[in-house]
Each structure stands twice: as structure tokens, then as C-alpha cells.
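Model the full structure from these sequences, guided by the hints.
Number of protein chains: 2
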Amino acid sequence: MSKVLVFGHKNPDTDTITSALVYAYLKKQLGIHAEAVRLGELNNETAYALEKFGFNAPRLVEKVAGEAAQVILVDHNERQQSADDIAEVQVTEVIDHHRIANFETADPLYYRAEPVGCTATILNKIFKENEVEIPANYAGLMLSAIISDTLLFKSPTCTEQDVKAANELAAIADVDAAEYGLAMLKAGADLSDKSLEDLLSLDAKEFSMGDHKVVIAQVNAVDVNDVLDRQADLEILLNNTVAEKGLDLFFFVVTDIINNDSVAVAIGAQAEKAYAAFNVVADNNRALLKGVVSRKKQIVPALTDALK
Amino acid sequence: MSKVLVFGHKNPDTDTITSALVYAYLKKQLGIHAEAVRLGELNNETAYALEKFGFNAPRLVEKVAGEAAQVILVDHNERQQSADDIAEVQVTEVIDHHRIANFETADPLYYRAEPVGCTATILNKIFKENEVEIPANYAGLMLSAIISDTLLFKSPTCTEQDVKAANELAAIADVDAAEYGLAMLKAGADLSDKSLEDLLSLDAKEFSMGDHKVVIAQVNAVDVNDVLDRQADLEILLNNTVAEKGLDLFFFVVTDIINNDSVAVAIGAQAEKAYAAFNVVADNNRALLKGVVSRKKQIVPALTDALK
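First to last, the sequence lines map onto chains A and B. In terms of full-length UniProt numbering, the first sequence opens at residue 1 and continues consecutively. In terms of full-length UniProt numbering, the second sequence opens at residue 1 and continues consecutively.
Hints are all accurate, no fakes.
Same chains, same label: a pair holds when it works inside one copy or across any pair of copies.
Here are the computed lysine to any residue pairs in the SDA-like style, where the Cα-Cα straight-line distance is at most 25 Å:
{"id": "1", "residue 1": "Lys-213", "residue 2": "Pro-301"}
{"id": "2", "residue 1": "Lys-10", "residue 2": "Tyr-110"}
{"id": "3", "residue 1": "Lys-3", "residue 2": "Thr-159"}
{"id": "4", "residue 1": "Lys-273", "residue 2": "Asn-260"}
{"id": "5", "residue 1": "Lys-213", "residue 2": "Asp-107"}
{"id": "6", "residue 1": "Lys-154", "residue 2": "Arg-286"}
Simulated from the structure, these hints should not be mistaken for laboratory data. Computed from a prediction, not measured in an experiment: that's the story for all the values here.
This is the structure:
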């Protein structure tokens, strides 16, 4: 049987990595020769979660077409966030919880997107629909993904369905969600071993908005000043990236996971419009976005609307 | 509560009309103020099905933005097949079984596509997932949709899931699927009251393929000569449409619902490539496509590949 690769987005986060592992496991239980792979380096949070539940990282790949004719995307759909050669393979399935854009197929496919906080919440349903049991260690991965994506249920992206799924999964994994979750988030927010270059790419996603090319990068921090103390050097790097990639906007967001606010640094020709999208004015080239923690639900829609 | 409109594609067929009625019913049971509407005239087959199960046609609308801020698409996603002002409203859900193309949202949504023969087969699952019973008359509509889209289970688009759903729905509706189905298909294949203009638009869908603008129209017939006897006049109309709409290809298909073949008439600059996509050469400006009955699974992928 020919192999199908399962993978999430570039600059992978916990939901993307664990959903690839979990969905590949489910497909294998259903008789499909599936392999989870990843498109980039693990962040500290994901490494912590994999270690906790006894998993190795999925194999790193740069291209996919040489390995499989068919692929399954989890936690993303936009082609600029996917494998560079995604156009050369057939996407047979997508399991996602984001907007749909820059995605096109020639053939019908299985596409399951739901407006919930995390891919794992959808996967939890798909296990039930297929009447496959979730092993404790996989439930631990799925719980980690929900905690990560919802910032321990505090993000506005978090739905009742996410909380319900997390409770079910915590019981299967036999883990205290609050205690484990905070430890995992803190492991991810430990930026001490990260260079500024790392911070720019750790969780960066590219978007087309109107005619504009936009990158939004987000880092979680326990203390935003750990990052903002290096703002001058950060701006140089951001300006270089905007020039190199021909971006109209680089929107760099540091999210305070304790107080659930963010600070944004916008660079590029559309920077002023970007701040205006949140009704703020930059001071010292940055602005506090009160209550903003979600790229998907708060930042992308606001910027898409402002730049269209 | 603000209203959400539920509708299928332009030039509606039985699956599009009935899925709008059925899904609006389900949403209402779940407490959503949903109204099914349609974007075009009923065909004879759909009128037969609605009459049989005691339904009126959904209300005809030309634009949607004036009526609702949010809409649900069934049985389609490509914007050129949807309401003209679709860009002005928020698509909150899509239930579909086609390829995905020319579709984009700013926000996350519920998107449920499965590679099955009919939207009604997916709706049958969604009723179960929501633990809502399907009334007998709605089951009759859903059965009609599956029979229509699968040509009574003979199309290559038909999956085991479609057959299983149809059996369940026939039992609920208390209908003999084979007997009712043939009568319904024959009602739809009765083209005696249709002008050539009608035939061109009855089940026409527009597609972007590479840089090409393509229309594929399909009519079902018990005897293809009912249509092909008028080929000379048909070609004049096709040529006019190609010129008016700036098409690169108009692919007109008459499907023999008894023998499950089709005859194609291709007009436009890409006509030769279109025939070549099926390894046939036109004779008298038309070609027999042996065993071809499905636009979605056989015609669109072949033409997309040939014109990319």
C-alpha cells in the first residue's frame, strides 16, 4: 500500500505536531499506511509535551512529493504555510480549525474544519465516529494541544467543546490538566535559549490579505519584557525580513500568558493600518493589545479587514 | 436572533435544493433561525421530488447580502457558482462533496466536505451526530438527492456510504428506492418542454482551470438524440455564449441515464484539448465518452489536468 504523509504547518507548534502523530495513529488503526512528519524544528513547549508522554518527534522533512503522492494536512490549509512542494501532491484530507484561504484541489476530498480552539478537539470526535479508542499517551498529546492552543482555556478561541474534550482526554491520560498545563506553557514561554532570529520564526505564519503579503509571528512569554528589552535589535531584524521577503507587513506579537494581553510591533508599509485595526496608536514603535491573545480569532480577522 | 440563509449552487439540481431544505430544518431543530433559499429555477426532476414529498420550493433570491449577514453553503463552495454577492456576507458553514476552489474566508468556519456521492449522505451523518431524528418527508428529499447525484447508484461517484444512507432513508421515507428513483430520473430527463437555451443553463457550472474560464453543462436524457438532433442550433448558441462570457471552453455533455455514457460537444479555443483529455477525437463536432457520467469525478479532474 502506498504511504500517505500526515503533517501540520511550518514553524510547528504543539497542536500541529501532536495532531500529525495522533491522526497518523488513527489512520493506521483504520488500515491506512500513514506516517506523521514535520516541516520544522520543535519549540520548547512541544518538546516538553512529547517527552512527558514518551514520544519521539516526527521525522523532519523539507519536501513531500518525493515520498508520497498523497498527503493529509492537519492544523492548516494555506499553501504558504505548508510544504514548499505541496502543489505536486494530492491533498486527500484536511483536519483544521482555521480560516480557509489559498487552498484548492482538483478532486473532492475529506475536509473537516470546525470553529473550535484546537485540531485535537476535532480529532477527539473523529476517534468516536470511527469507534477507535484513544490510548492514554495519545490522549496526553491531544490534551497538550488543547492547553497550548487555548492558553489553558483562557483564549477567546476556546469553546465549550474544547473544555469538554480536554476533560475527557485528561481523564484518559490520567493527568491534572491545570497543573500539567501551566508547566507545559511555562516550558514554552522559556525564551532564555532563543535568539531573536529564533523568536521571529518560532511561530510565524504567512498570509495573503488583499494584495498584501503579511507575516504574523507570535511568541508566548511569562514576562513580555524578556523580549521587549531587545526591541531595538528586534526592529532591525524585522526590517531586514520585510525587505528580504518583500512583505507589506510583519506583525510581531508577544503574548503575556499570565495576564492574557499582547504587545505588537508592526513593521512595513502597512504598519499604521495594522495598529489602527486594533484602535491603538504605536508608542515607541509598539502597542499594547488589551485582551488579545489569539492570532486566528483576533489578529487575522482584524488585519484581513483592515488590509482588504 | 438574526437569520442565516442556507442555499446551494446556481442552476440548482435536486441535491442542492433538497440539502438547503434539509439542513435549514436541522439548524432550526438546533435553535438557529435558518431559511432555505435557492439561486435559480427548479428543474423537472427536483420539482417531481418536492411534489412527491409535499414540499414547496425554497424562496428564489438573486442576492443574499440584503437579507442576512451570515450564510451556509450546501453542495458547493466555488464563488462563481454561488450568489453574486457572496463576498459581502460571512460564510459560517459549508456542507459539500466537491473539490475546493475559489473559496476563502477571513474567519474559521465549520466546513464539512467528504468525498461521497451526495451532500445528503453527509447530512444523514450530521443528523445522527446531533441526535436529531429525520422526519419521513425530509428523508424522502434526502433519498431523492442521493438517487439524483448517483444516477440510482450507477455513477462512479457513488460510494458504499451513499448506498447505506439511501437504504436507511428509503426505510424512513417508506419508499421503494429503485422504483421511485427511476420515475424521478425520467421526470428529470424529460426535456420535451425545454428550449435549447434552457438546456445550456439547466445544470451549468463555471470553473477556473489554470488561466482558463470554463463552463461545463450537463443534461440527463433517456435518448441522447432528443438533444443531438438539435446540434446545429445548439452549436450556434454555444458559440454565442463563449463569445459573450469570454469563455475558453464550453463543454456541453448529454448523459444517457440508461446506458451510462455521455456525448460531449466542446466549443471554444480549448475544445481540442478538452476532447484529448478523454483520449477521443471529435467526429461531427462531438464525441462519445464511454462510461463517463460524473462531472465532478470524471470530467472536472480530466479537464483541470488538461488545461492547467
